[in-house]
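Colleague: In case you want the letters, here they are:
2 protein chains.
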Amino acid sequence: MSELKNDRFLRALLKEPVDKTPVWIMRQAGRYLPEYRATRAKAGSFMDLCENADLACEVTLQPLERYDLDAAILFSDILTIPDAMGLGLYFAEGEGPKFKKPVTTAAQVKALGIPDPEDELGYVMNAVRTIRKELDGRVPLIGFSGSPWTLSTYMVEGSSSKDFAKIKGMLYSDPATLHMLLENLAESVTQYLNAQIRAGAQAVMIFDTWGGSLTPETYQTFSLDYMQRIVDGLDREADGRKVPVVLFTKGGAQWLEKMADTGCDALGLDWTINISEARQRVGDKVALQGNMDPCVLYSNPDAIRAQVKQIIDDYGEGSGHVFNLGHGIHQHIDPDNVKVLVDAVHEFSAK
Amino acid sequence: MSELKNDRFLRALLKEPVDKTPVWIMRQAGRYLPEYRATRAKAGSFMDLCENADLACEVTLQPLERYDLDAAILFSDILTIPDAMGLGLYFAEGEGPKFKKPVTTAAQVKALGIPDPEDELGYVMNAVRTIRKELDGRVPLIGFSGSPWTLSTYMVEGSSSKDFAKIKGMLYSDPATLHMLLENLAESVTQYLNAQIRAGAQAVMIFDTWGGSLTPETYQTFSLDYMQRIVDGLDREADGRKVPVVLFTKGGAQWLEKMADTGCDALGLDWTINISEARQRVGDKVALQGNMDPCVLYSNPDAIRAQVKQIIDDYGEGSGHVFNLGHGIHQHIDPDNVKVLVDAVHEFSAK
Numbered sequence: 001m002s003e004l005k006n007d008r009f010l011r012a013l014l015k016e017p018v019d020k021t022p023v024w025i026m027r028q029a030g031r032y033l034p035e036y037r038a039t040r041a042k043a044g045s046f047m048d049l050c051e052n053a054d055l056a057c058e059v060t061l062q063p064l065e066r067y068d069l070d071a072a073i074l075f076s077d078i079l080t081i082p083d084a085m086g087l088g089l090y091f092a093e094g095e096g097p098k099f100k101k102p103v104t105t106a107a108q109v110k111a112l113g114i115p116d117p118e119d120e121l122g123y124v125m126n127a128v129r130t131i132r133k134e135l136d137g138r139v140p141l142i143g144f145s146g147s148p149w150t151l152s153t154y155m156v157e158g159s160s161s162k163d164f165a166k167i168k169g170m171l172y173s174d175p176a177t178l179h180m181l182l183e184n185l186a187e188s189v190t191q192y193l194n195a196q197i198r199a200g201a202q203a204v205m206i207f208d209t210w211g212g213s214l215t216p217e218t219y220q221t222f223s224l225d226y227m228q229r230i231v232d233g234l235d236r237e238a239d240g241r242k243v244p245v246v247l248f249t250k251g252g253a254q255w256l257e258k259m260a261d262t263g264c265d266a267l268g269l270d271w272t273i274n275i276s277e278a279r280q281r282v283g284d285k286v287a288l289q290g291n292m293d294p295c296v297l298y299s300n301p302d303a304i305r306a307q308v309k310q311i312i313d314d315y316g317e318g319s320g321h322v323f324n325l326g327h328g329i330h331q332h333i334d335p336d337n338v339k340v341l342v343d344a345v346h347e348f349s350a351k
Numbered sequence: 001m002s003e004l005k006n007d008r009f010l011r012a013l014l015k016e017p018v019d020k021t022p023v024w025i026m027r028q029a030g031r032y033l034p035e036y037r038a039t040r041a042k043a044g045s046f047m048d049l050c051e052n053a054d055l056a057c058e059v060t061l062q063p064l065e066r067y068d069l070d071a072a073i074l075f076s077d078i079l080t081i082p083d084a085m086g087l088g089l090y091f092a093e094g095e096g097p098k099f100k101k102p103v104t105t106a107a108q109v110k111a112l113g114i115p116d117p118e119d120e121l122g123y124v125m126n127a128v129r130t131i132r133k134e135l136d137g138r139v140p141l142i143g144f145s146g147s148p149w150t151l152s153t154y155m156v157e158g159s160s161s162k163d164f165a166k167i168k169g170m171l172y173s174d175p176a177t178l179h180m181l182l183e184n185l186a187e188s189v190t191q192y193l194n195a196q197i198r199a200g201a202q203a204v205m206i207f208d209t210w211g212g213s214l215t216p217e218t219y220q221t222f223s224l225d226y227m228q229r230i231v232d233g234l235d236r237e238a239d240g241r242k243v244p245v246v247l248f249t250k251g252g253a254q255w256l257e258k259m260a261d262t263g264c265d266a267l268g269l270d271w272t273i274n275i276s277e278a279r280q281r282v283g284d285k286v287a288l289q290g291n292m293d294p295c296v297l298y299s300n301p302d303a304i305r306a307q308v309k310q311i312i313d314d315y316g317e318g319s320g321h322v323f324n325l326g327h328g329i330h331q332h333i334d335p336d337n338v339k340v341l342v343d344a345v346h347e348f349s350a351k
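Chains as they are written, first to last, in our numbering: chain A, 1 to 351; chain B, 1 to 351.
Any given hint could turn out to be false.
One copy or two, it doesn't matter: identical chains are merged, so the pair holds either way.
Listed next, the in silico BS3-like pairs over lysine-lysine satisfying Cα-Cα at most 30 angstroms (straight line) [unchecked claim]:
#  : residue 1 : residue 2
1  : Lys285    : Lys162
2  : Lys309    : Lys166
3  : Lys162    : Lys339
4  : Lys166    : Lys250
5  : Lys162    : Lys309
6  : Lys166    : Lys339
7  : Lys20     : Lys42
8  : Lys258    : Lys42
9  : Lys162    : Lys101
10 : Lys15     : Lys5
11 : Lys42     : Lys162
12 : Lys258    : Lys242
13 : Lys42     : Lys101
14 : Lys339    : Lys42
15 : Lys162    : Lys100
16 : Lys15     : Lys133
17 : Lys162    : Lys250
18 : Lys250    : Lys98
Please keep in mind that the hints were generated in silico from the structure rather than gathered at the bench.
Bear in mind that the values here come from a model prediction, so they are computed numbers and not experimental data.
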């Protein structure tokens with residue numbers, strides 16, 4: 001493997017000194033970029049794009065050509081695991097992800113296997129290997145997965161959901177079935193992320209997009225406990241370097257201390273907490289990644305620069321900060337505004 | 001006015017002793033009740049139902065016939081004020097509220113008037129007077145309004161929104177225009193709630209449904225500061241009794257201390273915080289209303305009773321708790337489960 005030329009991102013996740021705050025953007029390879037839309041159009045469906053290692057690599061690298069980003073993230077979907085279990089993932093135009101065969105009974109949960117990361121999910125590992133090779137040490141590559149709770153919401157509801165009626169009905173009336181599903185998912189995600197690390201991922205992130213829909217007690221029991229199992233089960237070294245693990249629960253700002261106690265290396269933050277307060281609360285346990293409101297990018301260069309500076313100032317002295325948005329970049333953002341953000345992070349944080 | 005026969009709700013909001021914890025349910029007059037659906041069908045549109053004082057009264061009282069509730073809440077919509085400003089509220093089937101004429105420019109904001117609560121909004125006051133008369137002192141009547149921030153999201157976006165692109169674009173790039181809009185709304189809401197109090201509302205609640213989409217700084221500046229103006233401007237006594245004010249920011253559990261400092265009497269809580277922790281944080285400043293996950297009602301009587309008991313136990317000794325859900329009841333809940341909840345609150349809290 002080529003030597004890593006820019007390791008600012010990995011160093012910051014481990015709270016090691018850096019010359020500038022590293023920056024990447026959730027969903028940085030996405031629909032706001034015209035070159036992404038062009039590749040997507042030639043690929044066919046969204047899953048066709050994910051399953052084609054060369055095209056997945058192409059879109060992964062596109063934002064690095066435009067912006068001075070400090071990390072690349074595997075282009076894939078969070079629902080690859082349930083799809084590999086046979087639930088039949090598809091995307092209805094304008095409606096988000098759906099499953100042809102949702103899982104709603106104990107018998108259906110019991111029948112689910114653990115997908116083999118190099119077989120049913122081999123296309124993801126091929127993409128990781130291809131991207132890592134093409135990156136040629138330019139910046140580190142991030143692998144990722146959805147959290148067990150977040151995956152289970154889609155698997156039980158059959159689609160994205162506003163109120164989580166079905167899965168919470170199961171949670172409150174048949175918790176044993178939900179725990180059986182989450183146990184499977186914790187094991188499946190662990191194997192999946194370890195395979196990504198073997199294939200070349202240099203850091204991994206677990207997206208708990210819907211953990212914030214839970215109560216404090218059910219967050220602990222039905223989301224965090226299963227992320228803990230994954231953190232415990234990950235192979236956290238590759239190429240003689242530590243592979244940092246980032247946990248991100250959207251809407252989870254109240255539970256940062258508990259998340260930090262899992263032994264992960266960093267926490268993703270949404271924008272509902274001041275990063276200075278978050279840092280005080282987690283102390284030296286973890287690095288922090290975030291946390292600009294993605295909607296700031298709808299404004300103008302002056303406003304974007306002011307918000308970037310504020311977050312960098314709020315984080316304060318010392319390493320341990322990876323700049324990012326508090327959630328994925330939106331579809332209708334002007335790509336020029338992203339350049340303003342990325343450059344401002346490096347400018348305002350330079351020593 | 002008839003003497004109030006059950007004042008448990010008002011007493012708990014003022015932290016005065018009560019024999020049992022009072023309970024009501026957000027959106028208790030709603031689509032989960034077959035009798036509501038029948039009245040709605042004969043009314044015509046949703047707004048026709050709101051504008052007909054007799055039918056609005058009929059649906060307001062329906063849940064009191066089924067359940068041993070300790071308060072009634074005016075049947076109306078949170079978007080009556082922008083509708084009265086001429087934005088043209090309508091409801092597209094399955095899509096939620098929309099405005100024919102959203103407000104997006106400074107000139108449009110400047111042109112907005114303050115609706116006269118007894119003229120353009122007279123139908124709401126007629127409903128309050130009719131309901132108060134029909135209640136005949138059985139339980140207190142709650143009046144309500146959307147918060148300025150929450151109203152402004154619909155007015156600028158033109159509909160409900162997932163990402164608040166337009167209003168946050170305005171917030172970050174043209175804050176002066178948004179402040180002008182929020183100043184108008186704070187004044188309009190104050191006049192509207194004071195008129196409801198004069199017409200017979202015995203407590204008022206401000207619904208800040210979308211405050212949780214903001215950062216800590218912008219929550220303070222664009223939502224809480226304007227709710228503060230309303231709290232300061234309300235006539236908080238009627239019929240020789242105090243009229244308690246409840247603030248509810250969904251997703252606002254991080255900001256309870258600031259909300260309590262407004263001088264309101266109580267805070268509504270969603271289910272993302274344990275009520276015991278919330279009580280510790282706000283101390284004696286305010287009462288607390290909440291906070292069961294509405295999805296518990298998808299389960300079964302045993303699970304519902306266990307969750308009710310847990311929340312009552314978590315709140316602990318002493319007055320100052322009004323039991324409620326953490327958000328409005330969902331459409332597909334079994335009405336029998338609501339009876340289980342209401343009866344369990346009284347059973348487990350009885351001295």
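Colleague: So, for every hint listed, does it hold in this structure?
Modeller: We went through each hint and held it up to the structure:
1. For the identical chains of this complex, Lys285 and Lys162 are neighbours neither inside a copy (34 angstroms) nor across copies (33 angstroms), given an alpha-carbon limit of 30 angstroms.
2. Proximity of Lys309 to Lys166 under the C-alpha cut-off of 30 angstroms is restricted to the inter-copy arrangement: shortest distance 23 angstroms between copies versus 43 angstroms within a copy.
3. Only between protomers do Lys162 and Lys339 lie at most 30 angstroms apart by alpha-carbon distance; the minimum there is 25 angstroms, versus 33 angstroms within a single protomer.
4. For the homomeric pair Lys166 and Lys250, the shortest alpha-carbon distances inside one copy (20 angstroms) and between copies (22 angstroms) are both at most 30 angstroms.
5. In this homomeric assembly, Lys162 and Lys309 come within 30 angstroms of each other (Cα to Cα) only across copies, at 27 angstroms, whereas the closest approach inside a single copy is 34 angstroms.
6. For the identical chains of this complex, Lys166 and Lys339 are inter-copy neighbours only, at 21 angstroms across copies versus 42 angstroms inside a copy, given an alpha-carbon limit of 30 angstroms.
7. In this homomeric assembly, Lys20 and Lys42 never come within 30 angstroms of each other (Cα to Cα): the closest approach is 37 angstroms inside a single copy and 65 angstroms across copies.
8. Proximity of Lys258 and Lys42 under a CA criterion of 30 angstroms is satisfied in neither setting, with 44 angstroms inside one chain copy and 52 angstroms between copies.
9. In this assembly of identical chains, Lys162 and Lys101 lie within 30 angstroms of each other by CA distance both inside one copy and across copies; the values are 19 angstroms within and 27 angstroms between.
10. For a Cα distance limit of 30 angstroms, the shortest separation of Lys15 from Lys5 inside one copy, 18 angstroms, qualifies, whereas the shortest one across copies, 63 angstroms, does not.
11. Taking identical chains as interchangeable, the C-alpha atoms of Lys42 and Lys162 lie at most 30 angstroms apart only when they sit on different chains, with a minimum of 29 angstroms there against 32 angstroms within one chain.
12. Proximity of Lys258 to Lys242 under the C-alpha cut-off of 30 angstroms is restricted to the intra-copy arrangement: shortest distance 22 angstroms within a copy versus 41 angstroms between copies.
13. Proximity of Lys42 to Lys101 under the C-alpha cut-off of 30 angstroms is restricted to the intra-copy arrangement: shortest distance 28 angstroms within a copy versus 39 angstroms between copies.
14. Within a single copy, Lys339 and Lys42 get their C-alpha atoms as close as 26 angstroms, which meets the 30 angstroms cut-off; across copies the closest is 56 angstroms, which misses it.
15. Taking identical chains as interchangeable, the C-alpha atoms of Lys162 and Lys100 lie at most 30 angstroms apart whether they share a chain (19 angstroms) or sit on different chains (25 angstroms).
16. For a Cα distance limit of 30 angstroms, the shortest separation of Lys15 from Lys133 inside one copy, 27 angstroms, qualifies, whereas the shortest one across copies, 66 angstroms, does not.
17. For the identical chains of this complex, Lys162 and Lys250 are neighbours both inside a copy (15 angstroms) and across copies (14 angstroms), given an alpha-carbon limit of 30 angstroms.
18. For a Cα distance limit of 30 angstroms, the shortest separation of Lys250 from Lys98 qualifies both inside one copy, at 21 angstroms, and across copies, at 28 angstroms.
In the structure shown, a violation is registered for the earlier hints numbered 1, 7, 8, in ascending order.
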